[in-house]
Every structure is written in structure tokens, then in C-alpha cells.
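Novice: Each chain, written out:
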Amino acid sequence: MTLSFTNADWNAIAPIDILAAAGLAVLLADLFAGRKQWRYASIVIGLLGVLVAAIVAGRQFGHQYDAFFGGFMTGGFATVFEEIVLIGTAGSLLLYSTIGPGPRVAGTVAIMLWSACGAMLMAGAANLIAIFLGLELLSLGLYALCAAVDRKTARESALKYLILSSTATAFLLFGAALLFGATGSVMLADLLNPSLASSPLFWMGAGMFLIGLVFKLSLVPFHTWTPDVFEGAPLPVTAFMSVVTKAGALAVFARFTYAALPAGVGAKLLLPVWIVAAISMIVGNVGMLAQTDLKRLLAYSGIAQIGYIVVALAGGTPLGLRYAIYYLTAYAFMNLGAFAVAAAISGPDDEEGSRLSSYRGLARRRPWLAAAMTIFLLALSGLPPTAGFLGKILILAVTVANGYIWLAAALIAGTAISLYAYAKVIRAMYAPEEGRQGGDLRPFVPLAWASAAVCAVAVIAMTFYPLTPSNILPLVR
Amino acid sequence: MSVPIGDYVTLASVMFFIGVIGVIVRRNPLIMLMSVELMFNAANLLLIAYARLWLQNVGHIFAFIVITVAAAEAAIGLAIVVTTFRPEKYVDVDDIAALHG
Amino acid sequence: MPLVLVSILLPLVAAALLLFLPRGDRALSRLLGTAVAAITFATVLAGGTADWSLHWLSRPFVSAFHFGATPISFWIALLLTLCTACAIAAARVERLRDFVALLLALEGTMLGLFLSRDLLVFALFWDLMLVPVFFALVGWGEHPATAWRYFIYNFAGGLTLLLATAAFGVIYGTTDVIGLPGVALAGGWAPWIFAGFAFAFLVKTPVWPLHTWMPPTYADLPSPMTSVVAGVQSKAGLYGFLAIATAMMPGVLYRHAAPLIVLALISLVYGALVALVQNDVKRIVAYSSLSHLGLIVLAIAIGNRLALEGALVYIIAHGLFSAVLFLVLGYVEEREETRALPRLGGLGWRNPRLSGALCIAALAALGLPGLAGFAGELLILIGVYQNGYVWPAIVALVAIVLASAYMLRLYQGIMNGPQRTDLPVRADLTWIEGLAVAPLLAALVLLGVYPKPLLDNAAITTVQSGPLP
Amino acid sequence: MTHQVLGVVGSYPLLVALWLLPLAGAVICWALGPQLRTLAGWLASGLVGASFILAVLCWHDGTQSAAGTVGANQPLFSWMTGFDFGLLLDPLSLLWTFIITGVGFLIVFYSIGYMRGDPAFARFFAYMSFFVFAMLTLVLSDNFVGLLVGWGLVGLASYFLIGFWFDRPAAVAAARKAFVINVVGDVGVMFAIFVIIANVHSSGFGDTFAAAGTLGPGVILTICIALFIGAAAKSAQVPLHTWLPDAMEGPTPVSALIHAATMVTAGVYLIARCAPLWNASHEAQLVVGTIGGLTALLGAILGTAQWDIKRILAYSTMSQIGYMIMGVGTGAYEAGIAQFFTHAFFKAQLFLGAGLVIHALSDEQDIRRMGGLWKKMPFAFWVMLTGVLSISGVPGFSGFFSKDEVIYGALQHGHPWLDGIGIVTAGITAYYMFRLLFVTFLGEYRGEAPVHVGGPGAWIMNVPVAILVVPSVAIGGALLFGGDASPWAHFFAPLFAAQAHLAAAQTPAPAISENFTSVIVVIVVAIGFIIAWQRYATAAARRDAVQRLRREAETMPAVLTNLFYFDAAIDAIFVRPAQAWGLFFGRVFDPRVIDGAVGEIVLIARGLGTLVRSFQTGLLRAYALILVFGAACFIAYYAVAGAAH
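Protein chains in written order, with the working numbering: chain A, 1 to 477; chain B, 1 to 101; chain C, 1 to 469; chain D, 1 to 645.
For reference, chain A alone in the conformation it holds in the complex (with noise of 0.2 angstroms):
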């Protein structure tokens, strides 16, 4: 056996090459940089990275190719969730534009990116050690992301996060080297081995596994860390982590479940997950209903939405892979679209944009905004006519067809709780002003702007043309 990789191999990684690249490029551009506002340099340099890195990877879409003997597969599925991740990096890099420590965000964009490297590792990771890699390296990554800033609060989620994520991480490490020993290959493919079945060692392993999965997934209760932690980061990176870790972790997830399971394992082998699903639909609407603090609310309606997105894929049908990208593309949109919002009505410390108080009489302050927030919120509690109501729909009726009709009946109550939460929301900002103003009114910030618009505009847009990949099932694989 030889070792030698040809030219498609390093094709196949292109995009993270790219990405990787435009994090050097950025630091680079600072370091020439004199004392004037560079922001939005290291922000267009960061987005022109993850735009051409986006339209290799799009390039890649429809031809297949398992790069790496298997380790890094590309072509369809990661192609997928490569863009998914780029979408969220895009988006929370565009937060940077009013957000982050002075002037100088180069630092944190390159390490934004080196983060999304991660995450688009993991989307396209099909054995043991890549997955592992990418994870490491997205989390890594945020580690450093949650504490640049100067704030309390900030140190203490990185803390927070490093500490428990860690602790996950070695779950899955452990579980993957039962995995390893169950059948002596890192391959997931090699997963498929219907003797496995009988294996406890296998059992044990794969438990183990989606403990690390299920963490980055944040489903409860595995949860705690997410409302700390995105409420003390900086705002853009609690835009990115509520979209790319998640869009990582449900790739690598997806991969496991589709195309790494000995026949006929799979329900038994995933019930805990579906559990842990329901039981984050329901905590993580319940959550919402007493917060004050914008990103809080959005760390619990993060565990929800997740929820909806993992029940999708119970039953293990294309159609629910289909859905479940579906939903988790509008869900990158309804949550980066309410950050960017967040970051519009933001001064350079993100404080007021996360303050719920600050949006009370918004829609006379800044209606446009207050109308994009809504349909954001409208989204996220499945209200038409924006996509969050059509990927409800679609994965109710998955759901409903695969015949786990308690997770879809968890799906509805989980609704209905969160319905009362988001319309708070609504509700302050559209109340005629009673006494107490919001805050002051923040200049108008373009790309923050341009960022809710176009969010929201694809939130409504993918309502009417639900684009969803066709034929992903083979693609997995």
C-alpha cells in the first residue's frame, strides 16, 4: 500500500485551503496596516476568501470523490455543508463591521476562519481522525474567539466552554477508540460491518461517540454550556458558533447515522438521541420564556431548533437529510440575520444589541430593522411566511411519515411554548412607546444592514422556492 496522494485529493480540500489561506491573507494585510480603520479591510479580505472558497467548493457539487482513501469525502453532501458553514462565516464576519476589540479585528477574523476550516473539515470528514481534527480545530478556535474581548463575561464563557467542550471532546475521543477497537479502522465506512451489530464494544463505542456529538449539538443535557457561552461572547462569534459548530456537528452526525451503521442498529443505537431531541425541543423553548438577553434567548432557541433539525433525521430517510438541510440552511439565516440585527442597533460594545430592553419602540426607531427582527422571529417560531414555517411543516410531515409521532407531537408543544417568547420580542418592539425609550440611535452600519436584508430575504425567498439538494442520500456515502 502506498502512500501518494494525487492532485484530486488536494483538490478535494481546496476550499479549506482557500479559507485557511484568506486567514494568513488577513493577518498579513494587518500587519502592513497603519493606524487607520482597517476593519473593513480584514473583513472584505476575510469575505472574498469565503466567497471563493465558496464557489470552489460549489464547483465540487455533483462530482463525487472520496479523497484521502475515504478520510475527506467531497463532491455532494460536504459540498453541502461546506457551503452552509461558509454562509455562517460569512455572516458572522460581516458583524465584525460594528463589533470587536478597536479597530483591529484581524486577529479574530483569521482565527474566524481557521475556526470555519474546522467545521468544513468536519462536513466532509469520513473518518475517525478527520472528524476528530476538525472538531479540534473548530473548537480550538472559538476557545480563543469567546475571550477576544475585554469582558468579564467574555473570559468566563471561553472558560466555560473550554473546560466542558474539552470534557465532550474526550467522550467522543474515547468513544472513538472503542470504535477503533471494535473494528481496527478509523474508516466510518467500515462501520457498516453487520457483525458490529453484536458488539458491545461497538455499542459502547458509538454511545460514546454521540456524547461528543450530541454536546457540540448542544441538545440537553448537554446543553449547559450554550446559554453562558453565547451570551458572554462577543456577538459574532455566538453568530458563528450558533450556525458553524452546529452545521459541523450535525454534518459529522448525519455522516454517522446515513452511512456509517450496521443494518438495523439504527433505531435502537440512535433512541437516545431522539430522546435527548424531545427533551431539547421542550427545555429549550421553556428556557426562552423569562431571558432578557437577546443571544440567551437565542442559546435556547438554538437547543430547540436543533432539536427540530436532529428529529428530522429520525427514521434515517433521504427525505429527512433533505429537511434537515433545509431547515438547518433557513435556521443559518433566521439566527444570522437576528444577529446582524443585533449588531445593527449594537455600538462597538455588543452590550445594547443583546439588551432585549433596547428594542422596545424599535419599529419607530428604525422600522426597517424592526420589521427584518420580526420576520427573524417570525422564522425562528415557524410563523409564515418564512421558511422556518415551511421546515417545520416539512419535518413534521417526515416525522409524521417515519412514524415517530411523539417527536413530532415534542415538536408541536415545543412550538407552542416558544411562540410566547419570540412574540415578546415582536411585541416590545411594535408597542406604542410606554414611557422608557430604547437606547440611542445608532448610525447606519451597511453591512450589518446588508446582512439582515439579504437574510431576510432569503428567509422569505426560500419559503416559495424551497431549494433543497436532491439525491443527497448518495451522496453521504
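Hints are computed from structural coordinates only; laboratory data are not their basis. Any given hint could turn out to be false.
[Said to hold, decoys possible] SDA-like, lysine to any residue: derived pairs with alpha carbons at most 25 angstroms apart: (1) C/K452 with D/T81; (2) A/K268 with D/Y637; (3) C/K452 with D/V200; (4) B/K89 with A/K268; (5) A/K152 with B/I67; (6) C/K452 with D/D207; (7) D/K375 with D/A545; (8) C/K452 with D/A120; (9) A/K268 with D/C633; (10) D/K375 with D/Q547; (11) A/K424 with C/H143; (12) C/K452 with D/Y637; (13) A/K424 with D/Y637; (14) A/K424 with D/T610; (15) A/K424 with D/D595; (16) A/K152 with B/M34; (17) A/K152 with D/D207; (18) D/K376 with D/V453; (19) C/K452 with D/S362; (20) A/K268 with D/A632; (21) B/K89 with A/T153; (22) A/K152 with D/F615; (23) A/K152 with B/I31; (24) A/K268 with D/I635; (25) A/K424 with C/K452; (26) A/K152 with B/N28; (27) D/K376 with D/S362; (28) A/K152 with B/L30.
[To be verified] To spell it out: a stretch of chain A is covered by chain C in this simulated footprint if at least three of its residues, at any positions, have a beta carbon under 8 angstroms from a beta carbon of chain C; those stretches are: (29) 415–427; (30) 447–459.
[Stated by the list, open to error] The following label-pair restraints were derived from C-beta to C-beta distances: (31) D/A632 with C/W192: 35 to 43 angstroms; (32) C/P181 with D/P169: 25 to 33 angstroms; (33) D/D167 with C/R426: 47 to 55 angstroms; (34) D/R576 with C/A438: 35 to 43 angstroms; (35) D/R116 with C/P22: 34 to 42 angstroms.
Beta carbons are placed, not taken as given, at the ideal position from N, Cα and C, and that holds for glycine.
With chain A fixed as given, assemble chains B, C and D onto it according to the hints.
Specialist: Relative to chain A, chains B, C and D alone:
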């Protein structure tokens, strides 16, 4: 092969368990990080043992990668711990609870 | 562009564009709003019945943006557009531009609901039509709790509707079914799907005991909005019953009719009794709605030809008279700055036109023969009796007697009695105010004298669509 | 739909004109009211008069028809599938049409004088015209639904007119009461329609009566009782009569037209119209006849205890309608209708006469504050006197003949005790009517208000009253004299002859002859008159009238002053419980129970929220513990599942 694979698994599990307990009970973030490292190394031990069992050196490679990553993680972790506790007198995670609810 | 699409999009687009008008120009907002609503009425009348379809989903079930009127929805759409035009013309609230925009948005979303031929699109517009009302409650309501109550109840209904729609689609394979002949859902799932639909419909109608959101909502909303919500939005659930439950799951519906009948009867009497003693004039009408709509639910649960025909007539009639009632009560509140019945009285002397409008509407509401409400009531109850439901018919008759008592109490309490010296003296209806209610009143009389056109084309027993002539 | 059963043929567009002219009057007066001024009165009465002329024309044409029957029918339009409307003129409806338009014309004309100067002059005539239209709808309809429409509309007109002076709280309350009780009646008719349509599949009179023989006795009884609820409410039969005395709050011409001559007799019309149904159900006849008799008696007794001139007349109306209902209820249709016919004249006359008095005394209605008026208003006195003679059944006057027929009819159809009630009532009637006459017109004037008599335009009020005197004195004798050979019997032969023969065949002929009953009635009436004379008209009584009347008022039994507690009973049984339940539901059940339950759910959700938040202590080690707990659960599951698989 005098030591059966089961013993390795047991040892690794015990190490992992100790690490878990360490994360839960210790209040010093540094020790918590060390406990995490212990868990990582339990996995490493397992990887190496199985690599030997299956005669697959990919397990070794995995272990090396884990060691590298763990080093990076420790570096970042220490940095975070330092920045977090620089204003504090004692290093105690129980003092850090500004974010809650 | 097909007219049916125009009629749905026109109000929505107009609502958005209206927000670019200057805030202060009240007359212009009202004029434009009325004009748009009137044009929408014309488009529905002229060609809102032709089908238009755009593919939406092919999996997990087939779904399309498919619009077109069924014979029933055609009439309801006419009612809706007429009511909206009248409501906008009558609107006098502050921040009028935004209010008119909301009314237009409400009209557009509700047109989408009534004209949709696809269940999923129906569900989409179902939730959508709640949003403008929520905003109106937030922006113009008196109590914050009201908006919540409206929101929680109705969206809870919307969610079960969503689940039922998804299940329907999965089982039946397509949701492009409203008004299609021969669609029938049976089997073990059908009762649950029916329950999902029924819950949403019963909340929206509403029916006891799901009604407590309704009186405060109707009371808190500015009257023009209330007139549309009470007049037309409350018919969404009933239309849903007719177009979905009756048409596609008759077996399930009639097997489980008993609880529906019981709820309908309780609503009938309960609403009437409470209306008898309420002091807030808008709440009186709200509770009367509970009672009246219980009658339609009863008809739907009975489901023979006469009852269903009566249901359609009464849907239109109730839409007309509750719209007028709320508009006129709005005028009264605007003039006298109170809604409390004990504080009102004696307005009839100075406001004969106002008094006349309220009188006709109240008479229609109490089922005076010769006005539209009577035709519906009579047909429904004949149908009820015909199917052997003697006691339900008698209970409904008792409610009719109670209706005469509370409606007269309402009318006399406001208009009759000695002139009050403690109330501001205001002029009678202006021409515009009068014109805003005149078409509705005329329709009430017309349909009472000659309700046949309503039924000529409505093959209501099966609720199947056919081309309208 | 066939009308052949009723012996009516042909189509007759003139009927439509007859029917709609008053509506035109109503619409014009309503729309152009203020502009028309007094012209409104002339216009309205003119159109009603024109309607009357058309009715006469119809009659004339009808009697010329080939079949030798009176009547015509005119299909109108199909209201809804299965509900075809049409107009039907047969002897029965023709008679009512005569009264409605004829007496109606006189009263509307009279109103021009009576309502002079009222600020809502035109509105009054709009309502009156509307009433005439509605009443014509009722009697001309050829099916039950159309009848119900008319039934409801006359109730509405009555409501408007009772509450015409709507600044008076008493009038407003009376109007509401009248309307609600009338709706009870409407609802009864509606229920009958349900039963009819469910069994006959048509609401036409022809189809229904043709099928009467095939329906089961239970069904027929149900229909009859339901219809009678309608009739009782409209015609003020016990226990639904309480609205009628209150209805006297309306202007006096209204009382004359609606609450004496026409609307309140709609129940009589309904029962006569549905004679085939009643004939088929002996039980129904018994119920209706009994209630009619009871009403006659109760009305008369209450009439003796009233002081308000219009209320006395109202109770007398109630009592007289009791006679009519008794007549048509027991199967003596011609007699009952005859009573309606004569009553329409003499009661209208009495009311209009009373209206003259009230008008002259500036709306004073209490007879204790009248007295001695025969000197000041001789015309009114003579009018009232003839009316009283007629209503009391003094031989020779119209009332005598019709009342006689009813009383004997009860006997003839096998209800001797109803006959007894009729006789007793006749005596009481004589007593309270003469009491009214004596207290009002004899003795000295006891009031404070000045008496205005005459004035310009007084003839407008006097002429119609004078015209009414003629039929109220003479028409009974002219039409009714001669029993089965009278013009009256001949006129109604096509309608009721068959039934009459049927009934006669079933019941044995009474042992007493008609003449013998007549004699007894006359004797009883004379006794009533004598008592009234003794109490109110002797010289002594006239002298200290003030004290006597006060004493009478003070010693009046409570059961009479409380009107047999009907109002209190209805209030206690229906009104107050309904209000109490309404209050309970509205103030307690909705907010506490239903909202309370929903509130509980919300509270539980909030509580869960707090619970979830309470796990978020912010302490890193707690988070780690939760994480490990979850992991332990997972591991346990997979250990078990892996081993089990």
C-alpha cells in the same frame, strides 16, 4: 502479548473515570484541564492498545494527532485560565458565575 | 396575471406601499385603502374564481400555490372584500396609515386563506392572517394581555392545524385538494387528523370553552378591525370545517359529531346568557357571536343539505351584521367616548341614521324574518330537526329568544331612553360614515329577501368545486 | 304547490299591489319623513285606503270567478330551493285583509289628528304603514315560512310603535317585553315549521293540509301546540299575555290598530288557517279551547281591577281574544272569526274613543281623575257608550251575535264548561266595561288637567270614529243573524263547512238550544250591568266618587293588583335565573375557570422556565456534573443495549 487487551481497556476506563471525577470535583481550572488531559490520554492508551491488537498503525497515528491537539488545547486553555483569573486572588471556578439563568 | 392572484396580492402590495405615504395624511390613506379594497372586491367579483396554480413541493407530498374560489369561498371572499372596504372607509383611529395598511394586510392574507385550494397554503395563510391582528392589538389595543390571549389561543390552533396538514399530506400524498371532488380520508389516522383540524377551527370560530380570547380581542381592537375580524376572520374556522372536514372526512366528522353538537349547544346558550348581562357594548356583540357561530357549528355537525345551506347563508349573514354592529358601535364609542351600556342612552333623538343602522344590524342579529340572519337560522334548524335532533333544535330556539333580549337591550340601551345630559352631543353620521355601513345593510336586506343566489351555485352538500357560471 | 285544497284558483297580480302599497308608504315616509311634514299622514292613510279599495276589488273579482269561490292566488318567487313564496286570498285572508286595510285606514287617518305636532310625525306613519304591510304579509302568505316572516315583522312593527316615544323608559321596557315574548311565539311557529317540513317536505299550506290526514296524531299535536305557542304569544293568551297591558305605552291609535283590531288576532287567524290540523287533533283543540276560555276569564277579572283607561281596554282585548281563541280552538271557527270581526270594529272604536278622551285631557289616562266628561265631550261619550254596549253583548249590537256564537259553539262542540266560562265572562265584561263608562263619564270631573275639546282638525279624529260606530252597532246583526243560513256561514262555507259537519257528526247535539244560552247570557250581562250601576252610577256613588274610588283602590285584593303574579313568576322563573347564569358565566366562569385553567398552563410553563433556569447556576462544576450525568445515562443505555443486542 502477555497483557490481555481487557486489562488495557480496564486501565483506560479507570483513567477516563478518574479524569471525569477530576473535572467534576476539582475547583481549580488547571487541575480540571489536567483531568481532561487524563481523559484524552486514556483514549490514547486505548488507541495504542487496539492498534497493537489489530496490527493497524493508524491507531498510533491517531494517538500522535491527539497528543498534538491536546498540546494545543492546553496552550489555549492555559491562556484562557490566566486571562480569566488574572484579576482574581484565588483560582477557583466557583467564583466565576456571572453568567447564569 | 390571473385575477385571482391579483386579488390576493393587490392588498398585500398596497399595504406595503402604503407605509411609504406620509404619516400625517389621514384622508389619503383612507381613500387609497378604500379604493384598493374596492378594487379587490371588483376583481374577486370579476374573475377571482378562475384557478391559478404554481408548483411548490413535490415531496414529502405534492403541494402547490393553487388559488381559486370554490362556490363557498367565492361568497366569503366577496364578504371579506366588502367588509374590508367598509371598515377602511369607516376607520378613524390614530396612526391611520399604519392601521389601514394592517387592514389591507389582513384582507390579503385572508383572501389567500379563503381562495387557496391547497391545504398547506391554507395553513400558511391561516397563521399569516393572525399576524396583522396581533399587531393591531399590540399597537392599538387597550390591554397588553389581550394580544397575548389572542396570540396564544390562535397560534395553538395554528400548530395543530400544521400538524394535521402535514399528516394529511403524508397520508394522502398531496395537499392540493381543497374543493376537489372525491377526496376522502379514512382509516386509523383520520380521526387524529380531524382532531387537529377541528381544534384549530374551533379555537378560531370560537366555540366554548375555547372562546375566552374572543371577547377581549373584539373589545380591544379598534372597531373597524373588529368588524373584519368578527365578521370574516371568525368564518375561517367554519369555512375550514366545510371545505376540509365536511368535504374530505365526512365519515370522521359525522362519527364524532356528538361532542361538536354538545359544544355548539353550550356555546349557543352560554354566549347568549353572558351577552344578556354584559355592560361593554362590544362584549355584548362578542358574546353574541359565540352564540351565533355555535349555531353554524351545530349545522356543520349535523351536515345535511338544509343545515349546510343554512350554514353558508348564516356565515354570510353573520359576517354582514356583525361587521355593521361593530362599525356602528365604533361610531358610538367615537362619539360618546365610552362603551359602557349604563353610561349610554338616548342617542336616537339626535342620531336617527346611526340609530337606524344599529337597529337593522341588531334586528338581523336577532334573526328578524326578512333579514339575512333569519334565512340562515331557519334553514339550519330545519336541517337539525330533520335529522332527528329535536332537543338541539329546541335549545337553539331558546337561544334565539335570548338573542332578541340582549340585542334589544343593546340597541335600546344606546339609542333609547331619555336624552343624557352627561354625554357629549355629537352630530349624526356623516355621509362617509353612512356610506361605509350602507352596502352591508343593503346586503343584509337583500339576502334576507332573496337568499337564493347564495345557494344556487354552492353545491354545498359535498362542498365540491365546480366552475361558477 | 297546489292551492286547490283551499278552493282557490288562478293568479292575480292585483294582489301584489294590494300587498306592497303600504310598504311603499312606509318607505316613502321613512326616507322623506322630515320633508313630508303632515303630508306623511295623508300619504300613508291614502295608500292604506288604496289597499282597501284593491281588497274590495279582489273580493268583487273573486266572487265573479267561475268556480264560484272567493279568492285568488299569486305566486311570487322562490325564496330558496323548496321554499316558494306566493300570495293567497281566500275567504279567511280576505276577511282579515278587509279589517287590516279598512279599519287600518280609519285608524291611520285618525292618527293624523292624534299625532299632530309630534316631532316624529312622519316616523309614526312609516311604522304604521309598515305594520299594515307586515300584517298583510302574514295573512296573505300561502305558506308557513311567509306567514312566519309576516309574524315576525308585525312583532317588529308592534315593537317600534309601543316604543314610539322612546324617551320614556316605561315605553322602552314595554316594547322590549312585547318583542321578546313575541319572539317566543315566533320560535313556536318556527318549531312547527320544522316539524311540518320534516314530515311533509313542504311549507305550503296546501301541501300541509293535504297531508294532515296522513300524519300521526303525535305529530299533529306537536305542530298544533307549537303553532299555538305562536298564537298565544301574539294573541296575548295566558301565560304569554303580560306584554299586552304594558303595550298600552304606545300611542292610542297603535293600541287600536295593533293591540286590539289586527295584530293580536293573528293567533286567531293562524288557528283558523290551520283548521285542518286542529280538526285532526282533539287534544290540541282541548288545550287551545281551555286556554282561550281561561284567558277570557282572567282578562275579564283583571279588567275589573284597572284604573288606566287603556289598560282596562287592553285586558278587555285579552279577554275578547280569549273568546276568539276559544271559538276557533274548539272548532267553532266561524264563531271565533265572527268575534274577531265584530271586535275589530267595536274595540277600535273604544280605543279611538278613549284616544279622544286622552287627547283632550293632555294624556291623562287614569279614570279616577276623569268623571263627568259626558257633558264636556258628548261625542266621545256616545262613541264609548255604543262601544260598551256592543262589547258587553247587549242584544242587537254586533258583539251580542258574535259572542253568542262563540259561547254556544263551545257547547256545540262538546265543551260545556267552556260554555260556562264564556257566560260568566260575559257578565264580568259587562261589569267592567260599564264601570269604565260610568267612572269616566258620569259624576263630576275629578281631574286637574284642563279639558280641550274640538279645535281645528278635530274632524280628522271624529270622522273615523263615527264611521266605526256603524259596523260596531250593526254589522253583527247584518251578517250573523240567521245561524247556518246567515251570509256569514255562506261566506265561509267553502272553508269550514266540511269540518263543521264532521265535528257535528262526532259530538252529540247539545241538550240546550242556542236561544236558551242567549237568554242566559243576556241575564248575566244584565247582572253585570246592574252591579256596575250600583257601584258607580247611582246618585250616591256619583256624589262621593272620590272617596269610593280611593277605598276601592285601597281594598283591592293583592292578587289582583299583582295581576295574578304572572309577571313576577316569569321574572322569577326565566328572567332572573338567566341573568344570574349570565353573570356567573361572564364574571366567574370565564375569568376564573376557563382563563384560570389556561392561566395555570401558562404558570406551569413559566414555572418550567424557572426550573430550567435554576439548573443554569452559572457554576462550571454544576454544568460538568449535568454533562456527566447525561453521559452516564447514555453509557448505561449503550452498555445495556449493546449487551442485549
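Novice: Quick one: which hint numbers does this structure break? Sort them smallest to largest.
Specialist: 4, 5, 8, 12, 13, 17, 19, 25, 30, 32, 33, 35
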